[in-house]
Amino acid sequence: MLAHKVIATPVGLLKLVASERGLKAVLWEDDDPRRVPVALSRESASHPLLVWTQTQLGQYFAGERRGFQLPLDLAGTPFQRAVWQALLDIGYGERWSYEELAHRICKPKAQRAVGAANGRNPISMIVPCHRVLGKNGSLTGFAGGLGAKTFLLDLERRYAGSA
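Numbered per our numbering, the sequence shown spans residues 1 to 163.
Since the hints were derived computationally from the structure, they do not count as laboratory data. Incorrect hints may appear among the rest.
Said to hold, decoys possible - Straight-line alpha carbon distances no greater than 27 Å define the calculated DSS-like cross-link-like pairs of lysine-lysine that follow: (1) K135 to K109; (2) K135 to K107; (3) K5 to K15.
Please construct the entire structure, taking both the sequences and the accompanying hints into account.
Here it is in structure tokens:
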């Protein structure tokens, strides 16, 4: 059984979803339900993992947290999971291109597939897909919208130099 909690953040309402194994999803207010299919869940304002996720996201938005320490329950194809694991290697304030991400998973010709897997990342911000840009540094699609992506990149740029 999945549990969820909706929280208010500077980038809008987010729905946090947890399974028995870990955080399953961070969904945007207007998220396409087909992007990250999750089974029915029950609302749980006091679920320990969801509360801990909310706390860590609050610290992140305040510039006090550079990475997350949460158990993750990433469900996807082996290729998608490889892409998502590589996303976890992108440091706070860093930017990678889809080309670099494809090289990191040893699939240099799979840039489009990497982009598709990036777009299906179920755990936005925690698994930092927002740090992936087009080859020329351009902003590309993001489930939370380009405004949210810009906000997150600017937030990290602002706090990247402080310890």
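So, going through the hints one by one against the coordinates:
The hinted pair formed by K135 and K109 meets the criterion: a straight-line CA distance of about 14 Å does not exceed 27 Å. With a CA separation close to 16 Å, the supplied pair K135 and K107 stays within the 27 Å bound. Distance hint between K5 and K15 is fulfilled; the C-alpha atoms sit about 6 Å from each other, no more than 27 Å.
Hint violations for this structure: none, all hints satisfied.
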